Amino acid sequence: MKKVLKIKKSITMTEELMQQILKYTLYGGSIALILIGIYGVLMKKNLIKILISLSVAESGLNLLFISVGYVMNGTAPIFSPAVVDKNVLMVDPVPQALVLTAIVIGLGVTALGLSLAIRLYRHHNTTNIDEIRNLKW
Amino acid sequence: MVADPILYVALPLITAFLLPLFGRIHKELIRIIPGFLFLFLVYNSIVLLTKVTTEHQPIIVQIAGWAPPIGINLVFSSFSGFIASIISVIALLVWIYSYKFKKIEFDNALKYFVLIMLITAGSIGVVLTGDLFNLFVFLEIVGLSSYPLVAFYRGRDGAEAAFKYLVIGNLASLFILIGILIIYSQLRTLNMADIAAHIGTMPQKLKVTAFIFLFIGIGIEAEMFPLNTWAPDAYSQAPGPIGSVFAGMTAKAGIYAMIRLLYTIFDFSSSFNLLLVMGIITLVVSEGIALRQSNLKRMLAYSSLGQMGLLMIAFGINTKAAVVAGLFIIFNHAVIKSLLFLSGSLLVYNSTDKHIKYTHGIAKKLPLTSLLFGIGAFAIVGLPPFSGFWGKLYLLMATADANMLGLIALILAVSLVEIVYYFRVVNGMYFKKAEDEIEIQKPKWNAVLTMVILALAIIVVGVYPNIIKDYLANAADTILDKANYIHTVLPSLAIN
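Taken in sequence, the protein lines are chains A and B. Under our numbering, think of the first position of the first sequence as 1, with each following residue one higher. Under our numbering, think of the first position of the second sequence as 1001, with each following residue one higher.
None of these hints come from the bench; they were simulated from the model. Careful, some of the hints might be misleading.
Chain B side only, calculated, beta carbon under 10 Å to chain A, not exhaustive [unchecked claim]:
| hint | residue |
| --- | --- |
| 1 | V1137 |
| 2 | Y1147 |
| 3 | N1170 |
| 4 | L1174 |
| 5 | I1182 |
Far from chain B, by Cβ distances over 12 Å, these chain A residues were calculated [as the list claims (entries may be wrong)]:
| hint | residue |
| --- | --- |
| 6 | I11 |
| 7 | G29 |
| 8 | F79 |
| 9 | H123 |
On a predicted model such as this, the values are computed, not experimentally measured, just so you know. Where a beta carbon is used, it is the ideal one built from N, C-alpha and C, also for glycine.
Just chain B, same shape as in the assembly (with noise of 0.2 Å):
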């Protein structure tokens, strides 16, 4: 079968559009042919994964025979690649967990299913585009298939979070498309690597302010701090598999364009230590706020934002063993946080509020689903066996190499927090009495397989964490390799 880069983004858009007609011929396809199509998917990354790791050369690929600059391209490295493999895993697992979702019927599940696909399709193009419109453009449909599935539910807030979530998400959008117009007004060109080579002729304060419209833009989308008050809304009003869609692939794209920003596109050395203060204060304040949250999935959603801020200290420090440190946490925070979503949304499921109390003693009844959520729990405080261990350890060491002890010490007191209100959750589902009782949501054969892939995968990398890691470090050198992005990417250009 074939493998390539561009049916990442072709084959689920096609598909989307197509879904309504199969729906037509039987009403079961709408549910089955999403599936075959990110297990496809995740093929295709199997593939062109093993492809770029023994050739350790980049795939790129020119769409419509134009060569770069000219043209737009889609560049599949190790690094690029890596979070889209990440993007189409959780993909499958949603599907598998949504399969046979309770309150779903036809008209819903043909939404549902659509809008999943668009944002598969709009995340993996983010990552894998070498080309700044492109990627504002995915951007976009990201943002537009994101936003009807926060307002899914017609009985919650959810069109309150939908209508923040858009007007933050438009602004985001102009505030990138300024951005891309200084720089296109400066050096007429669009694609990344051409941009990254001619960056030094743009005037500086152009290059400030440009910088800053797209550090701006990208940065909402990539949850940063005091941007980011649209996603607990969106993260709690969506459905629940919805929660584990943000955090394993939207947020990724958010995350993966800041990357591109700083490492690639512009030459600010000043720009990490920004990156690393915002991170801070994400971290410190989304922590924070966790801590005092009653409703559960609000409370998921604040660590999930914390583990942004994580994310971001850790690309901010800007060293060889921070970026692997880096790519570490963003493999654990899209398979952990997945996992606690869909266990913890099985928790509250017949709950309006999704108050904390309804879990006391909830251990009793449904042992599985506890147990689950508690090994995530575990797992993304950063306990050993776990994957989140390897994560934090490695970014503590990474830490202590650049010689930031203060940032040492404020890591471990908000891991301090995280253990507090994670803890309580825990210890409340297994010591405590039931004191409301609500009507228990039994998972189905597929949520209970999602999860316990889920909490393998966990468990797995936490005992042998070398599996990711040399390959992590490998990924690393294709972020720090500037100069051989632009080569691989404009031949023509590095020999001038």
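Chain A on its own, in the form it takes in the complex (with noise of 0.2 Å):
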């Protein structure tokens, strides 16, 4: 009998200790896609690369938010009779609907930029923003 609770309260460590784990590696792997698409627009002198930059940053950031928000073990917030009787955990809707909001404004941002970089080529062909300095101080 003593073994099995032994053995229970190990699962639960376990449990508990994955919990941490997957809470580390959702906050530092987002953090981390934040400053590698920062270090991309700051270093990088390729037109189109600078744009992948900027869009892996806006990823990183969302998934932050929706670590955020996120609740262990809970649900998706939409209400239904049986959710609502059960007191199931929710994950917080708010920073999903920020999200959601967030990647659309990315995504006509990132279309925008690609048209300014193709009209960019057509002009000077080349994607090197180096090469393309006319205008400065």
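Two chains, each in its own frame: build the complex with the hints.
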């Protein structure tokens, strides 16, 4: 009997540990994505790579938003009688709504940036920003 | 007719997306309908402003029937209403000016007016909204519609300027979003009044982090110094009237967001000093660079950045007199800079590099435009009897009250630099002989009408500053009274 309890206890402990690891992976991974994106925007010379980096940073931020709103073992935040009765945990719906908006905006910005990149390429025949330097201080 | 703050945002958005359909019915409609829209927005401002001033109570609109803090609300106070009115008046004037813009054909005119309406909706939305995430969305609308306007002409380096602006603007929105995320993760609310009421419960470290992210992000939009390298390129590559759209509308939205951030949302007292220092750096650096410019539009753009620096100084001093002066400078900057951009772009209309030398001796060929540019130049450096004088005078008086004597010397010294480079242009226009001939662009009657209206506004306010000063003192109270803002937006909260 004692052995069973011990095993159960260790299972819950591993579960908690897993949840902690999951949390830190989510936060750490998304922050790493943001940093990679910002690094790319600042250091890359290629127009397309700059735009890709912007998208990477944006995805990282969206992931971070979702992780902040995530509740352990929570379900999708959809109200139905079955869910309300059982007192089930739900994840926070607000960050999800925000992320949807942010994704749409990000899509618009990326599309616009790509079209500008195409025009710049046609005009200068290069995608290297060091060679596109007509404007300065 | 109805007047409601929600119409500020809803009408331009709907009209902008329906405009291509109107164009199918009749081609001339795409030029006429935006005018009616902007006229209605100005009417809307007049009705709402009189209502707010007589009732001494902000108008609060709950969108979709959800009360704040859950739903999104619009707050039309005497402060946000003032800036919203400036934006709608500038939009109307820009429409009159560009009603018969020479280089614009049907397709381009359609894009142009759609984008201007979207910018109007976005900037007024930034000013009116009471929700932090909604502010971000409106800032993105402003951004997404100003990038194509910068790249409007294919021949110029517009795409390069727009790409720069897009990358920097996108980084700004990233930072703003990170700041919003940190606040949301701690307080679980996005309503500004709700955040302001509970900001004290946030851990100090996270509060500072969120503030720095939001400050950097909004600083980019408000053209604060190390982050404003996009602005001169954008101003100089965009079509002429867009310079006044940026100076009168988007920059106003940026500085508004900055004021809300400092005065309402956060409760650091040292953040005002930060804004003050950034304002001083912006002012000195921008005016210094403006002195070296040989391109007229870039010179105007740097001078505009200098004015933004002056604004940040005014709001960084954080006394009532300084806030009134800041609001006065907001008015001046919108009106005078619009006049300068509109008349200045006519002076160098047909040259490709917009060099100042093309303006030499132009006063004989374009007497009225030169005179109007001269009025704008005299007004912006702060000579009486123009409105620019009062803005600077009030600011200097507020600085003296706050016992910052070094700052007075600095502002006066920088004004001297301003005088040097503006008088160089005006002197060249009147007293120098033309070196390089360019084809002269005679202004059409609508352009003249716009510029004369702006010049009259400058002179009338310059002679009778009290017609707006009393109102501005009222608006300054609404900025400084944070508890009242929270109370009016969330009446239930204040009882607890």
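* To do: Determine which of the earlier numbered hints do not hold for this structure and return their numbers in increasing order.
  => 9
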